[in-house]
Structure formats: C-alpha cells, structure tokens
Amino acid sequence: DGGITQSPKYLFRKEGQNVTLSCEQNLNHDAMYWYRQDPGQGLRLIYYSQIVNDFQKGDIAEGYSVSREKKESFPLTVTSAQKNPTAFYLCASSIPGVNQPQHFGDGTRLSIL
Amino acid sequence: QKEVEQDPGPLSVPEGAIVSLNCTYSNSAFQYFMWYRQYSRKGPELLMYTYSSGNKEDGRFTAQVDKSSKYISLFIRDSQPSDSATYLCAFQNNFNKFYFGSGTKLNVKP
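Chains as they are written, first to last, in the working numbering: chain A, 25 to 137; chain B, 3 to 112.
Chain A on its own, in the form it takes in the complex (with noise of 0.2 Å):
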C-alpha cells in the first residue's frame, strides 16, 4: 500500500539535544512537508521541498532544519534552538501544482524530558 511513514510514534527531548523525525513516502510525490500542529490551532508549516535537493523556509522554520537527498524521504531536525518543541509533527506530500491535495502521515508526538 502507498503512504507516508513517520517515525518514531513518540520522542523525547533532553535539554540542549538535537532530535530528528524521520519521514518517508513511496506514494512517487515531488512534494514535501513539515508542520506542526498544537492544541486550538491549525497547522503550521515548518519547511517543504519540491523538488529533490530543494527546499524553503514555512512560516515558522527557527529552530528547524530538513534535508532532501531523496524523492522519497524528508527528515526533519528539532534542534536545541527551538525552545518549545512540545507538539505533534506531521509530514506531507502532494504531486506539486495548484488542485493537488496534501496526504499526511500518522505523526510523532515530541515531547521535552
């Protein structure tokens, strides 16, 4: 079956540590994204890539940082500059171009230790 794979389900941080989610696909999409989703607001975009090699700033990159050497990974990096990282990750991808609709993975629960 195609889909996205996120992992791990959950993950813990120590103070001053870095921690990276990994995302996979095998759904053949360009596309990639990050976000963030917390309690009472809708989700926020970290990072995304169209294209293999390349990829922008969302709205809320401080903090973050992400890789794109393969079409179908996206892994995405918590590092010690975020300051709250305590929230729900969830990875994307769509076909790019406007009328393609994003497919989401299950997600990692992050948490501060």
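To be clear, the hints were calculated from the coordinates, so they are not data collected in a lab.
Predicted model only: the values in this text are computed from it and were never measured.
Treat the hints with care, as some may be off.
[Stated by the list, open to error] Label-pair restraints from in silico Cβ distances: (1) Asn77(A) to Asn24(B): 40 to 46 Å; (2) Pro112(B) to Ala85(A): 40 to 46 Å; (3) Gly18(B) to Lys38(A): 45 to 51 Å.
[What the hints assert, rightly or not] Only pairs whose alpha carbons sit at most 20 Å apart, straight line, appear in this in silico PhoX-like list of lysine-lysine: (4) Lys81(A) to Lys94(A); (5) Lys44(B) to Lys107(B); (6) Lys99(B) to Lys81(A); (7) Lys44(B) to Lys33(A); (8) Lys58(B) to Lys69(B); (9) Lys69(B) to Lys99(B).
For glycine and all other residues, C-beta sits at the position ideal for the given N, C-alpha and C.
The hints should help you fit chain B onto chain A, whose structure is shown.
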C-alpha cells in the same frame, strides 16, 4: 482577522443525526477547498476536495462551497460513532500554499 475561522466545538450529536461543520475564510485567492478527518493521535485523512462553488457528494458526506460568502461546509448524514473525530477545513491558493483551520471536534453518541 484570521484567514481561516473554524469553531473548535466540541460538537456532540446522537447517532443518526445530520452534522453540519463550517469554516469561513477571508482570502479571495483561495481556489481549492478540502476537508480532512483526524482521529486522535493520527494524521489527517483527506475526505473531500473541490474547487468550485456548489455541492459535492460522496456517500454520507457532502461538501458545500459558497465563494461569494467565503464559507464552506461539510455535512454528514446518518452520523455514526465512528465519525467521532476532529474535522479540519483546508484551503489552497494559486501559489500552492495551504491554510488549515484549527479543527472542530465531533462526538457522535451511540
């Protein structure tokens, strides 16, 4: 003014009821309209998408778009306990950027 407004609920209805979920938006550049369903601790699942004003039906679900009023709705007929989830409206503009509502939590009681 927020670009997307969605009542957070919770909305509690008895099984079999007709459910109406709504979002308003302020950006005239929104061209593409979506509804997602999100179960607890899961990612959003695409339910409906449309780009035109009017109604689109899929089984028990009907999506309605009124571009003149900047208002979209999702109707669920014969609601079931398995419909209990958070429903997110979403919009896409001409530059392929997406905007999401904060979600309405729905509880369908048996």
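Hint check:
Between Asn77(A) and Asn24(B) the beta carbons are some 41 Å apart, a value that agrees with the proposed interval 40 to 46 Å. The given range of 40 to 46 Å is respected by Pro112(B) and Ala85(A), whose C-beta atoms sit roughly 44 Å from each other. Distance hint for Gly18(B) and Lys38(A): a CB-CB separation of about 50 Å, consistent with the stated range 45 to 51 Å. Straight-line distance between C-alpha atoms of Lys81(A) and Lys94(A) comes to about 18 Å, which keeps the hinted pair within the 20 Å bound.
Only pairs whose Cα atoms come within 20 Å are accepted, and Lys44(B) paired with Lys107(B) is accepted, the gap being roughly 14 Å. For a cut-off of 20 Å, the pair hint linking Lys99(B) to Lys81(A) stands: about 12 Å separates their Cα positions. A threshold of 20 Å between alpha carbons decides the hint, and for Lys44(B) with Lys33(A) the separation of about 10 Å falls inside it, so the pair holds. For the suggested pair Lys58(B) and Lys69(B), the alpha carbons sit about 14 Å apart, so the restraint of at most 20 Å is met.
Taking the CA atoms of Lys69(B) and Lys99(B), the gap is near 18 Å; set against the 20 Å cutoff, the hint holds.
Comparing the model with each earlier hint shows no violations; every hint is respected.
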